[in-house]
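2 protein chains.
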Amino acid sequence: MVVQHQRPEQFVDAQAELRILPVAGIPEVHPGDDLPGLITKAAQDSGTGIQQLDVLVIAQKVVSKAEGCLVSLASVEPSVFARTWAEQWGKDPRHVEVVLREAARIVRMGPGILIAETKHGFVCANAGVDASNVAGEEMLCLLPPDPDASAARIVDGIRERLGAQVGVIISDTFGRAWRESHTNIAIGVAGMAPIRDYVGLSDPYGYELRVTTIADADELAGAAELVMGKIAKVPVAIVRGFQFTPAEGSARQLVRAPERDLFR
Amino acid sequence: MVVQHQRPEQFVDAQAELRILPVAGIPEVHPGDDLPGLITKAAQDSGTGIQQLDVLVIAQKVVSKAEGCLVSLASVEPSVFARTWAEQWGKDPRHVEVVLREAARIVRMGPGILIAETKHGFVCANAGVDASNVAGEEMLCLLPPDPDASAARIVDGIRERLGAQVGVIISDTFGRAWRESHTNIAIGVAGMAPIRDYVGLSDPYGYELRVTTIADADELAGAAELVMGKIAKVPVAIVRGFQFTPAEGSARQLVRAPERDLFR
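First to last, the protein sequences are chains U and C.
Take 1 as the starting number for the first sequence in the numbering used here and just add one per residue.
Take 1 as the starting number for the second sequence in the numbering used here and just add one per residue.
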């Protein structure tokens, strides 16, 4: 059941009404915690519940915390390069060192800005290393090593608990080229295809769409961010009413291969 | 009442439930048509209506059609450069010529791919020139010359008709660096701030957010795309329940200045 993209027989072009529902009441997440269990309980307690074919959008940070993807700055010995660059821009050299360790490649270094390609192939600031919304001083949060696998485990965990087939998107807040500000995008996907593929279909005027695909998973991640925010400790949202065909799928499909990328 | 970004006293960190409602029944749009009138009627006929503080997301194409931003290929005499490149990649030289006329600058030329900066500062494929969802053979659709002004006229038009204050986002489907596929983003905004600004606020753990801003307008445009699609002729969606403070705002605020852009 490997579906690279959603094709016409599987996707709904224009969805009916969607509801974007915040899931409040998830407690502080610690390494080893049962995230599907915490999400199920919070959704039930908040009255939202989880229904068949809901899409669960989950902030990367709680996934990383549950998986123990945390580093204490006190444990980090910075390299000469990390010290040099950190000193130049008034940064903590241990933080820079963790960023460099998470990076597969530096894509750009600007004034105090480090854009890196992560081991997953994501291009983002600081290789996804972040100190916000983490308990404890001097703790950094890293991206999960395999966010698609993390998402798949949550799909399975929800099915085991509730018998419901859901899509799961793990989201993070990334900047973009050319545009100010940030949006949430998908870094992990399971249970659904991340891309809706119109190539070869015709529009209502008979014009053949030759390149149009839509990154459903990224649009769903952004929509969910609106109810999650950055301060309110709402790390999960449910998108209800999004019609999709359960399928294998992954956020890897959203990573442009370097040889196809004019901006890497 | 110029608000660059939404600041804490004006924005809601994590929204309550959002509804994303498609507005079906908008007829084919022609140059000179009264778009606020067509949208109001379709929203009323579909039972959705338009309410105070709804956000209307409107596909660029119907805005461009109403404003007559259409070019017939028959009227276009291609330049030598357009002919050369078109021949190399099997494209229509008149189409390439229109793209070049719409471009302020070419950002990248890849194999059959032309990424341009538009006169508005948007970076996108083919300077936003598109042949899909346009009536008539050999017609191209251009971006509106000032999409923020287009959005502001629609805000005014809705207020005049219904007395309702709404936010308006004009959206288009753009590719991205580093990631496959496309998402809808905001090319015009009015009636609301496009960006939610957390800089200087603290997260629940006391960590000061130093760079976090969220492009609400882009996330809303992407959310709305999910119910608009590409084939079903649903060019308008309403986001209901998004709490915002009416404000001047523009999509220009989302354009990164070239001197701040590491990827242009």
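Heads up, a few of these hints could be off.
Said to hold, decoys possible - The list that follows gives simulated cross-link-like pairs (lysine to aspartate or glutamate, EDC-like), each with its CA atoms no further than 16 Å apart: (1) U/Lys233 x C/Asp45; (2) C/Lys233 x U/Asp13; (3) U/Lys41 x U/Glu160; (4) C/Lys233 x U/Asp203.
Stated by the list, open to error - To spell it out: a stretch of chain U is covered by chain C in this simulated footprint if at least three of its residues, at any positions, have a beta carbon under 8 Å from a beta carbon of chain C; those stretches are: (5) 33–41; (6) 53–60; (7) 140–148; (8) 225–231.
Claimed, not checked - Over the 10 Å line for every Cβ pair with chain C, so calculated as not near, a few chain U residues: (9) Ala74; (10) Asp92; (11) Ala104; (12) Gly136; (13) Glu160; (14) Ala177; (15) Arg264.
The hints are simulated quantities; they were obtained by calculation from the structure and are not laboratory data.
All values derive from a computational prediction rather than experimental measurement.
Built from N, CA and C at the ideal position, the CB exists for glycine as well.
Hints and how they fare:
As the CA atoms of U/Lys233 and C/Asp45 are separated by approximately 39 Å, the hinted pair breaks the 16 Å bound. A threshold of 16 Å between alpha carbons decides the hint, and for C/Lys233 with U/Asp13 the separation of about 10 Å falls inside it, so the pair holds. Distance restraint check for U/Lys41 and U/Glu160: the Cα-Cα separation of roughly 14 Å lies within the 16 Å cut-off, and the hinted pair is therefore satisfied. Our distance criterion of 16 Å between C-alpha atoms is met by C/Lys233 and U/Asp203, whose separation comes to about 9 Å.
Evaluation of the coverage hint for the region 33–41 of chain U: breached, as 0 residues show C-beta separations to chain C shorter than 8 Å, against a requirement of three. Given as covered by chain C, the region 53–60 of chain U fails the check, having 0 residues with a CB less than 8 Å from a CB of that chain where 3 are the minimum. Coverage of the region 140–148 of chain U by chain C is violated. Counting CB-CB distances below 8 Å, 0 residues qualify, and the rule asks for three or more. Evaluation of the coverage hint for the region 225–231 of chain U: fulfilled, as 7 residues show C-beta separations to chain C shorter than 8 Å, against a requirement of three.
Non-interface call for U/Ala74 relative to chain C: holds, since the shortest CB-CB distance, roughly 17 Å, exceeds 10 Å. Chain C leaves U/Asp92 outside its interface by the beta-carbon criterion, the shortest separation being 12 Å against a cut-off of 10 Å. The claim that U/Ala104 is not at the interface with chain C holds, since no C-beta of that chain comes within 10 Å of its own (minimum 13 Å). Separation of U/Gly136 from chain C is inadequate, the least Cβ-Cβ distance of about 8 Å not exceeding the 10 Å criterion.
With 10 Å as the threshold on Cβ separation, the claim that U/Glu160 sits away from chain C holds: the shortest Cβ distance comes to roughly 27 Å. Against chain C, the non-interface label of U/Ala177 is violated: not every CB pair exceeds 10 Å, the least being about 4 Å. Not every CB of chain C is more than 10 Å from the CB of U/Arg264 (nearest about 6 Å), against its label as outside the interface.
When each numbered hint is compared with the structure, violations occur for hints 1, 5, 6, 7, 12, 14, 15.
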